[in-house]
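Respectively, the protein sequence lines represent chains A and B. Under our numbering, the residue at position 150 of the first sequence is numbered 150, and the numbers go up by one with no gaps. Under our numbering, the residue at position 318 of the second sequence is numbered 318, and the numbers go up by one with no gaps.
If you're looking for bench data, these hints aren't it; they were derived computationally from the structure. Since the structure is predicted, the reported quantities are computational estimates derived from the model, not experimental observations. In this text, a Cβ means the ideal position worked out from N, Cα and C, and glycines have one as well. Among the hints, a few may not be true.
Keeping only pairs whose Cα atoms sit at most 20 Å apart, straight-line, the calculated SDA-like set for lysine to any residue is [to be verified]:
1) B/K61 <-> A/A38
2) B/K224 <-> A/L47
3) B/K203 <-> B/Y154
4) B/K224 <-> A/L37
5) B/K350 <-> B/M304
6) B/K58 <-> A/S110
Derived Cβ-Cβ restraints for the label pairs, each shown as a range [what the hints assert, rightly or not]:
7) A/E277 <-> B/C276: 49 to 57 Å
8) B/E129 <-> A/T369: 25 to 33 Å
9) B/L227 <-> A/T149: 48 to 56 Å
10) A/E375 <-> B/C276: 30 to 38 Å
11) A/G316 <-> B/K208: 28 to 36 Å
Covered stretches of chain A, as calculated for chain B (at least 3 residues, CB under 8 Å) [to be verified]:
12) 25 to 38
13) 113 to 119
14) 350 to 364
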Amino acid sequence: MSTTAPPSAPPSVPPSAPAPVASLGRRILRSRVLAALASPHGVDRYLELVNPMWAAQEVRARVVSVERENPDCDPERSAAVATITLQPTATWRGHRAGQYVQVGLDLPGSARRMTRCFTIASAASVPGERIELTVRAHADGQVSRHLVTAEPGQIVHLSQAQGEFTLAESPATPTNNHLLFITGGSGITPAMSIVRTLLRDGYDGRAGRRVTFLHYARSPEDQIFADELASIAAADNDVTVHLRHGDHVFSEFELRRLVPRYRDTDTWACGPAGLMELVGAAYAGGAERRLRTELFKAPRPTAGSAEGDVAFTRSGTVLAEAANSGATLLEQAEALGLTPEFGCRMGICFSCTTRKTEGTVRNVLTGATSSLPDEDIQICVSAPEGDCAVEL
Amino acid sequence: MSAAHIEDILESIDLEQAKAETAKLTAEQLDAFGAEMDAIRQRILDDLGEEDAAYIRKVVKLQRGFEIAGRALFYLPPAWPLAVASLSVSKILENMEIGHNVMHGQYDWMGDPGLNSRMYDWDNVCPGEQWKYSHNYIHHTFTNILGKDRDIGYGILRMDEDQKWHPYYLGNPLYAFLLMVFFEWGVAMHDLEVENLVKGTRKLEDNKALHAGIMRKVKRQAIKDYLLFPALTGPLFPLTFAGNATANLIRNVWAFNIIFCGHFPAGVATFTEQECEDESRGHWYYRQLLGSANITGGRLFHLMTGNLSFQVEHHLFPDLPARRYPQVAEEVREICQRYGLQYNTGPLGKQLLSVAKKICAMALPPAKA
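The task is simple: from the sequences and hints, build the whole structure.
And the structure:
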């Protein structure tokens, strides 16, 4: 996910936050003495055996409820969308509206933990507070399909909230800026979180700050949060909602009509690549600084051949990139003059394990291919198929 | 030990046997043998799933249970032997069935950070990071290649007749005894290559980076076992201190013996660097097979050895979950029979005796032919 939003201050903790007893318990759990006693495994490795909702460092959450968002849609055409309410452990540090979280699930049947990112749809949270994820069950998305049918009580693994696709201002620092949200499909969730936060925290438009919410859905049946958006639109709050369905795609012309001064308006755009390209073009030539974007990464198609580009990255920067030669990733990295760590060069010692962030790799020993995003691979026995990105 | 006794031991050990196995197969046979091993490996990889995950989680739970019980029982002075036993079992399970195997990457496929080879560190003074280099890479890649596998004698002992004899090795049995008692410290010092420092082939500066890692880990382990936990038992400090030291000692002795039985009984072959130049995958398997030895025993015994009682299968498939070794052992044995390859195995007593004999025999200069 990419974003251009400037970082803003973390949410302030209201006085109603955790009770003193709980925070004393947390201080003990996080104390150096306890960490030394649990060394080298860490306190969480012991706590999890007693109660998965006890944690000193890690974040986990219990599924509280799962509500279907589009029960009327045609299951042949549209995927199920559900809102999952999660009760995080006390280690949850809260989130700013617009941020996402990594959700890890131990999938039944395979015992493999899959980790995927989901934007938090509910309003900004304080430490330990419940959050909601609104998830579309993608046909080949094991995690999303499992989440929308999750049973209350199930435990999932979470990361802390991440991402900078957030509101730079808060109700505590009011401005009279006009805010514009342009979203498509599942990209509605971060914008929804921001608007929900504004409204919950007392935003009523009286400050002269208008909010325009422009959203594209495939059909009226696919429109999630329809009731809530209708009531937001109907209320006297200076929030304007424009919903577009079906063949109605984003156009600069329409944007100009709805928000004549859009190029001078702080804009948050999130959705599929096609929408984002059109939005990007509409803001090109000087207005980019007004545009904060977040792109949902679509899985790359498997090329099944060596054609494509291989990129080696470190903490977000590309170290080297070249056409895929079909050799193992270790050999390709070395050919580019990089010196990744390696050991046996035959797949047994795991010295060369690194994270593949994008693309498909084939294990040269077993022939097995894998296209999972963000998975650990041994680069000495993995050859990329098509485009591939590896974190060294 | 009397001179006559040493003569007896020397006679009883068949030094020729160890060398008899090398280069028995043709290149084609080695390829076919390798393909059969690859097939076993692939079949198990395809079958990994919930049972393996449930197993390792159960072992972790069991180990943590023994650990907590052990630590708690130190508050009851009459239960001291029970506390030591419980803590010893915990430390043995943690180092062998969990630590050794997790750090081999056997459970990386689960995607659980708590059972991931890159994140795990064990309850041992040797930092996991360093051990993965010397063990997973050096030892498992160059298994039993003289001059490359530093686990042959650990730079201290003479464990193969092709290692040149020196009067220093008269102390072989003593060094082995000390290594057994201080095994975790020996493992931690392993990478410092003290013998090469003495020889002058390694510089003290080369060890600087390692020193820091070892000291950090040693400090943490010592604070926990020799300061904090004893202090928490108040007036029972000395008893708890002694109990923790005893548990570490028991784990050291056990681990040393299991590991020595896995590589040094009679019948285990060593290889020269020339033999392994441009080695085929088949020859790599072949070398792993002949360079290891199993120990027979019951299920509980295998659990307590971290399934390293299936050292042969472990060396053939170091990254397959160890609980699968008993399952593939039958098949490996049958394949060995077909190819006429030695499959080293025996009960613990026999293997221990064989190792002890070798340690003593190698202390003495080679008998003149």
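Status of each hint after checking the structure:
1. Proposed proximity of B/K61 and A/A38 is supported: the alpha carbons are some 14 Å apart, at most 20 Å.
2. Annotation: proposed proximity of B/K224 to A/L47 holds, straight-line Cα distance about 18 Å (limit 20 Å).
3. Taking the CA atoms of B/K203 and B/Y154, the gap is about 18 Å. The hint holds against a cut of 20 Å.
4. Simply put, B/K224 and A/L37 have alpha-carbon atoms about 5 Å apart, close enough for the 20 Å limit, and the pair holds.
5. The hinted pair formed by B/K350 and B/M304 meets the criterion: a straight-line CA distance of about 18 Å does not exceed 20 Å.
6. Taking the CA atoms of B/K58 and A/S110, the gap is about 16 Å. The hint holds against a cut of 20 Å.
7. Checking the proposed 49 to 57 Å range against A/E277 and B/C276 shows it holds: the Cβ atoms sit about 56 Å from each other.
8. Look at B/E129 against A/T369: about 30 Å separates their beta carbons, and that is inside 25 to 33 Å.
9. As the Cβ distance of B/L227 to A/T149 is approximately 51 Å, the hint placing it in 48 to 56 Å holds.
10. Between A/E375 and B/C276, the C-beta spacing of about 33 Å keeps the proposed range 30 to 38 Å intact.
11. Look at A/G316 against B/K208: about 31 Å separates their beta carbons, and that is inside 28 to 36 Å.
12. For the stretch 25 to 38 of chain A, the assignment as covered by chain B holds, since 3 residues bring a beta-carbon within under 8 Å of that chain's beta-carbons and 3 suffice.
13. For the stretch 113 to 119 of chain A, the stated coverage by chain B holds: 3 residues have a C-beta nearer than 8 Å to a C-beta of that chain, and at least 3 were required.
14. Counting residues of the stretch 350 to 364 of chain A whose C-beta sits closer than 8 Å to any C-beta of chain B gives 3, which meets the bar of three, so the coverage hint holds.
Checked against the numbered hints given earlier, this structure breaks none of them.
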